[in-house]
Amino acid sequence: MSTIHHPQEWLARFRRFQPPTGLPGRLLYRSPIGRSIPSSEAIREVAMLVLQRRFRHLGAVVPWWTNRVKWLLANAARIALASPAERIYLERDFAYRCRPEQVLVLPNWVEEAEDVSSSPPPQFQQLPEPPVIVVGRVEPRKNSLRICRLAAVARRHVVFIGRPHPNERVFVAAFRRAADANGYARWVPGVPRPEMAAFYRHSSFLLNASLLEVSPLVDIEALQFGCPVTTTKYALHHDLLPPRTPVCDPYDDGSIVDRLRWRPARLPPGSPVDGERCKQDLVETYRVLSCRHDD
6 MSTIHHPQEW LARFRRFQPP TGLPGRLLYR SPIGRSIPSS EAIREVAMLV LQRRFRHLGA
66 VVPWWTNRVK WLLANAARIA LASPAERIYL ERDFAYRCRP EQVLVLPNWV EEAEDVSSSP
126 PPQFQQLPEP PVIVVGRVEP RKNSLRICRL AAVARRHVVF IGRPHPNERV FVAAFRRAAD
186 ANGYARWVPG VPRPEMAAFY RHSSFLLNAS LLEVSPLVDI EALQFGCPVT TTKYALHHDL
246 LPPRTPVCDP YDDGSIVDRL RWRPARLPPG SPVDGERCKQ DLVETYRVLS CRHDD
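Whatever position you read off the sequence shown (first residue = 1), add 5 for our numbering.
Everything labelled a hint here was simulated from the structure, so no lab data went into it. Backbone N, C-alpha and C define an ideal beta-carbon position, used for all residues, glycine too. Errors might be hidden in some of the hints.
[To be verified] In the EDC-like style, the derived pairs of lysine to aspartate or glutamate whose C-alpha atoms are separated by at most 20 Å in a straight line are:
| no. | residue 1 | residue 2 |
| --- | --- | --- |
| 1 | K284 | D257 |
| 2 | K75 | E116 |
| 3 | K75 | E106 |
| 4 | K75 | E96 |
| 5 | K284 | E106 |
| 6 | K75 | E14 |
| 7 | K238 | D263 |
| 8 | K284 | E116 |
| 9 | K238 | E281 |
| 10 | K238 | D257 |
| 11 | K284 | D263 |
| 12 | K238 | D254 |
| 13 | K238 | D98 |
| 14 | K238 | E14 |
[As the list claims (entries may be wrong)] Between beta-carbon pairs, the in silico distance windows are:
| no. | residue 1 | residue 2 | range |
| --- | --- | --- | --- |
| 15 | R266 | Q131 | 15 to 23 Å |
| 16 | V55 | E96 | 28 to 36 Å |
| 17 | D258 | I9 | 26 to 34 Å |
| 18 | N172 | D257 | 38 to 46 Å |
| 19 | R160 | S295 | 56 to 64 Å |
| 20 | I9 | P274 | 45 to 53 Å |
| 21 | D257 | S41 | 32 to 40 Å |
| 22 | R35 | R297 | 45 to 53 Å |
| 23 | A179 | A52 | 23 to 31 Å |
| 24 | A179 | Q285 | 43 to 51 Å |
| 25 | V262 | D185 | 43 to 51 Å |
| 26 | V51 | R268 | 29 to 37 Å |
Please model the complete structure; the sequences and the hints are all you need to start from.
Put into structure tokens, the structure is as follows:
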């Protein structure tokens with residue numbers, strides 16, 4: 006079982022601060038019910054089944070959402086965690102203590118990527134200095150619109166790299182207008198993975214000011230190419246990053262502006278996560294569970 010668990014306290018805050026752009030989502034997540042993750046998740050499940058006209062499946066959302074999650078945890082042969090810190094919040098939010106034999110810490114790792122970055126990408130041309138890059142889908146959770154507006158405040162060029170979220174058209178349209186009107190922002194809506202090396206190699210640093218994360222892959226990927234990272238306070242992977250990696254409060258404009266004004270030295274390329282070890286651990290887990298099933 007792969008949990009990818011967002012701490013419920015953080016999730017409730019994000020949903021109140023930046024609810025989905027649709028009216029039902031805003032009404033739900035800004036209501037008293039929306040402050041309870043178990044209640045809002047239960048309502049969301051029912052609403053999705055009704056909208057999809059899958060009425061025969063309504064019985065599948067019984068018993069209560071929390072009880073079903075706890076049953077899954079209790080019956081999982083392994084619980085794959087993206088970081089050791091994820092276990093703390095998982096156990097706290099569901100009042101479930103993972104059995105030692107269940108725990109498998111399996112951080113995000115980066116496969117080897119071809120480095121074809123001898124020259125800066127075209128999107129960096131005519132900029133006065135290497136820009137800050139923000140990598141990830143353009144969506145509320147990634148804080149894209151706020152970072153775009155604050156780039157002008159900090160007078161720092163920022164290049165956003167990521168596809169638009171297909172279900173957040175209102176937010177994406179607002180971001181597009183802000184980027185078009187902002188001389189400090191450029192948006193690249195998607196880059197083939199082999200070309201990402203050039204963006205990491207020739208940027209000043211990666212800014213991750215997401216409002217909610219578990220173990221963001223982009224931070225690990227940036228470090229692999231020697232790109233310094235400022236990451237979000239609301240993530241569970243800090244212990245995996247190099248010591249003294251700067252942390253940003255994504256809800257605080259001043260914190261974001263301060264980080265945008267950072268001009269760090271480049272880092273030696275290298276991943277803080279041993280990808281080969283992760284793969285070995287995963288394969289060994291499959292082997293052990295397969296042998297148990299055969300028995």
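Exercise. For this structure, which hints from the list above don't hold up?
Worked result: Hints 1, 2, 9, 11, 18, 20, 21, 25 and 26 contradicted; others consistent.
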